[in-house]
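Here is how the chains run, residue by residue.
Protein chains: 2
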Amino acid sequence: MSKAELKNLIDVAAGRKSADLVIKNCKIVNVFCGEIEDGDIAIVGNKIAGIGKDYAGKKIIDAQGKFAAPGFIDAHIHIESSYISPEQLGKIIVPLGTTTIIADPHEIANVCGLEGMKYMLGAAKKTALNIIYAMPSCVPATPFEDAGAILEAEDMEEIFGDENIFGLGEFMNAVGVVNADEKVLNKILLAKKFHKLIDGHAPNLSGKNLNAYVCAGILGDHECMTVEEMQEKISRGMYILIREGSACHNLRELLKGVTEKNLRRCLLCSDDRQPKTIFDAGHMNSHLKICVEEGLNPVDAIQMATLNAAEAFKLFDRGAIKPGLRADIVLLNDLKNFFAEKVFIGGELVAEDGNYLPKIISHDISKVRGSVRVKNFSVDSLKMNLPSNKVNAIKILPGGVVTKKITAEIELDAAGDFIFNPAQDICKVAVVERHHDTGKVGLGFLAGYGIKFGAVAVSVAHDSHNIIVAGVNNFEMAFAVKSLIEMEGGMVLVKDEKIISSLPLPIAGIMSDDSGEQVSKNLERLHEIAYAELGINKNVEPIMTLTFMSLPVIPEIKLTDRGLFDYESFNFISITAE
Amino acid sequence: MSKAELKNLIDVAAGRKSADLVIKNCKIVNVFCGEIEDGDIAIVGNKIAGIGKDYAGKKIIDAQGKFAAPGFIDAHIHIESSYISPEQLGKIIVPLGTTTIIADPHEIANVCGLEGMKYMLGAAKKTALNIIYAMPSCVPATPFEDAGAILEAEDMEEIFGDENIFGLGEFMNAVGVVNADEKVLNKILLAKKFHKLIDGHAPNLSGKNLNAYVCAGILGDHECMTVEEMQEKISRGMYILIREGSACHNLRELLKGVTEKNLRRCLLCSDDRQPKTIFDAGHMNSHLKICVEEGLNPVDAIQMATLNAAEAFKLFDRGAIKPGLRADIVLLNDLKNFFAEKVFIGGELVAEDGNYLPKIISHDISKVRGSVRVKNFSVDSLKMNLPSNKVNAIKILPGGVVTKKITAEIELDAAGDFIFNPAQDICKVAVVERHHDTGKVGLGFLAGYGIKFGAVAVSVAHDSHNIIVAGVNNFEMAFAVKSLIEMEGGMVLVKDEKIISSLPLPIAGIMSDDSGEQVSKNLERLHEIAYAELGINKNVEPIMTLTFMSLPVIPEIKLTDRGLFDYESFNFISITAE
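So the sequence lines, in the order shown, correspond to chains P and X. The end of the first sequence is residue 712 by my numbering, with every number in the run present. The end of the second sequence is residue 712 by my numbering, with every number in the run present.
There may be inaccurate statements among the hints.
No copy is singled out in the list; a pair is fine if it fits within one copy or between any two copies.
[To be verified] Within a straight-line C-alpha distance of at most 30 angstroms, the following computed DSSO-like cross-link-like pairs (lysine-lysine) qualify: (1) Lys151 x Lys327; (2) Lys327 x Lys161; (3) Lys141 x Lys326; (4) Lys330 x Lys158; (5) Lys586 x Lys161.
Worth flagging that the hints you see were computed from the coordinates, not collected in a lab.
With the hints as extra help, turn the sequences into a complete structure.
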């Protein structure tokens, strides 16, 4: 801040000069004292100069008695899970009142490494939305699969000092922290060296292990499922990022544990939020609506989504309507539905009546496209030669993230390969390494997916984002994989070796360069076709379910490009059941 | 923190290694959730590793069910006002549970400039007490007097980066901030450049002026007198440092304004606290006792004195009993009287049963002694030649800081100089510049002091700390001044041109190198003699009252080395009344 800017700000605040903008007649949501205050807000440049009455402004906007709240902060989100780019996500969530997101680009980093991070940092500059990034702490997420990149402490150093990187993202390798693993310590010390933060991810961590995790300097956790877990983590000084996403719904449950005493330690986040959820329910405004439905005081709810998040992540330039802070302000019709009539970011009106106002300029994606680097793939890669027809299979459970390990008897051909039986609801599933053309293909069986024809392939497959494909025979599956390779990644439905629906995801094979509206529409259409044409089980989300079948750190049985992984023994197992 | 230290900390936390110390059987005061929790605290090095049960320790201390609270933080104090050195202050307040003070060495900086700061920083290293310093923002405090030093932004830069300097201390020149004065802006920008904080001091600042002050980045204020003032400042995002000192008592009143909603914005501080007050009432423990007396939940009270202060001043390594934080812990008998049975700082037991345990090693004072640099002073400097016997006089009011401007008719001799009349209760008062031997002497009259014999002189005189002397005639006064010059500063009572009591303050003429106990005893004796031998009014504190008569920024009339200052016109006035 230059001296002239500071002087101008003070001059406006003191009433000696006209503000650039005055938002008049607001009911200001004051998160410091928990009250609503009538007043005007004077803005100069990107900052709030003053709150009060009788400020002169070069421009006046009359809020007509609407509530003025600080812009909402999503304390933890993966942009990639929306399948859209940062610019396009900004376009759809800014009009809902979200002005800052704290994003962990864990998915793209697993595909493209630092190049992916650089793309995300660049793209963030093309949206009015403020995006504060984490440096993903666990790339690859596990040693049981092949990711596109490896980020050790020494790799991170190049860009770790970037002002838009708050520190290390959710430290999923909680076991590594608790065990004080060498490489984990290096990352933690890197964060300390740069005076940066470390966010957490530690489902069910408790007791001494929780102490160990916290004393490493990890600030928060968004994985709490129960009030009890939340209470223990708060008592150890962690911030709790209460999550309400497309897949995980913890808000209503955890709100039971929010008290006047621990409110300041509670934040709101979405973690994963798909465009459809955003269009149907909203973003942080939907969190706030749920909070109020559950009986929380609306100012307390807003405090969780603003001041508390700013404090936890040391974003001391925002989080409240206060002189000197960023003019990130949302005008709300009420404190029940939280409809954002106008949204200001850095003093600019950026959304009105649900519409995003700035022109969308897309960031160059050339360095993160072409990420599906598979040359030597053929139908032979999918062939099996099983000694027995009794196999271990992945049984899909409702919710689609946790699975059940089952054994099944299948039909085999003369070569020992799988013959699909439409009456049995078991199909073949494969994970094809796609980053380094290693030729690795993991094979297995999937029960409960319901597919009766063709194949489904996706280059989104947590957390390494190899290609995952499920289908009724090798030819359909191979065709789907090849189609994906040609598309540079995305989602594809195949029937009779023809593409019947697809959604290209050229950005690292995991994000579209299209708008949220278009992606949402395409994805909905793709779902419909998957049900109608491929016969996929209506209780199963055809794409998202598949993308989690490759995540080995979630129980009970998963498939990576290296094979079938058993969570209980935490090791690979044979397809053939004992 | 080295990798080995981090690993060791995690190993202890996880229970794989023995802690250095385990404090067993505590009732842990948890400031995150507002609860009391039974448990043990495992400590390694200077940090808390874990909280729980069954931690093995190389050393075990059984708390026998005592309350374990985080060490108390005084959010704003002037060490110099205690008249003792940092080491000696540590000795008397650490056993009361104070483990960190945020100190503004404004007084010594006014005398010795950066050399004074360096002495304070060095002395802080000789006490177990953690001292975080402010860089005094207003040296000199006003342009109406001569201080020993001038600290502009460019002067501060040399040591501003010191890790024990949090930023700028109480920005008393609120008018300068609101007016965006050039030199004030330079200081504010210096703090921003160093990513440091700015504390405030802004009595009665309100409305747009408050907006201007806050948008300059000023974090807190300790000058609130009323709940209304406090509420307005909180609503503008300021932290409120609720003060309870030797002179100012705001705690009971302001506690009426502390609510569940704004608690997190409230801190406790003492500002000025003399040894006698500390011995009689305590330090932060006394604040906590008052909070509980006034009906505040004791954990909330402790939160104000710990977590809230740590957050406000961004001391993220302390403020709670939490894994990874400094092991600054107080074992309390109860949450009513807050008697500290044991005090740990950085994992070391430093006080027990009210006794400070470390050996006291005094810091070298050679660079801050010899600060009374007056050579050309004689009785002639005190002579008056008044054209009229109707004069303006400073009338002492109860409390002794604010004065009343009165006019009085006095007796004059042939030369136009004052003749003391014991029946009138008006004496002569002079402020003698003592830093640069400029020969400046301000002269005036003091009413209500009650002195009947001799003179009283002090080299503590807010805020420039020239010599202030009051007495019944020029000879007694001159003798007192000369005695002070010989003593290198301090306090002296003179009768019949003999010293009848004195307290040397060799450190910058404002602090003793003796213990708190001794200073307190000497000061008490000095007071007794002042009443008994000099006849000073029993309702007046003989020394402290005098030290505030030179503070021109407090209404209504004061005396500096440049003359009589009228607060209302904010300018100098003649001794002779119109």
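Now for the hints, and whether the structure bears them out:
1. Lys151 x Lys327: Between copies, since 26 angstroms is at most 30 angstroms while 43 angstroms is not.
2. Lys327 x Lys161: neither (43 angstroms within a copy, 35 angstroms between copies)
3. Lys141 x Lys326: between (35 angstroms within a copy, 14 angstroms between copies)
4. Lys330 x Lys158: neither (38 angstroms within a copy, 33 angstroms between copies)
5. Lys586 x Lys161: This pair counts as neither: shortest intra-copy Cα distance 57 angstroms, inter-copy 62 angstroms.
Hint violations for this structure: numbers 2, 4, 5, all remaining hints satisfied.
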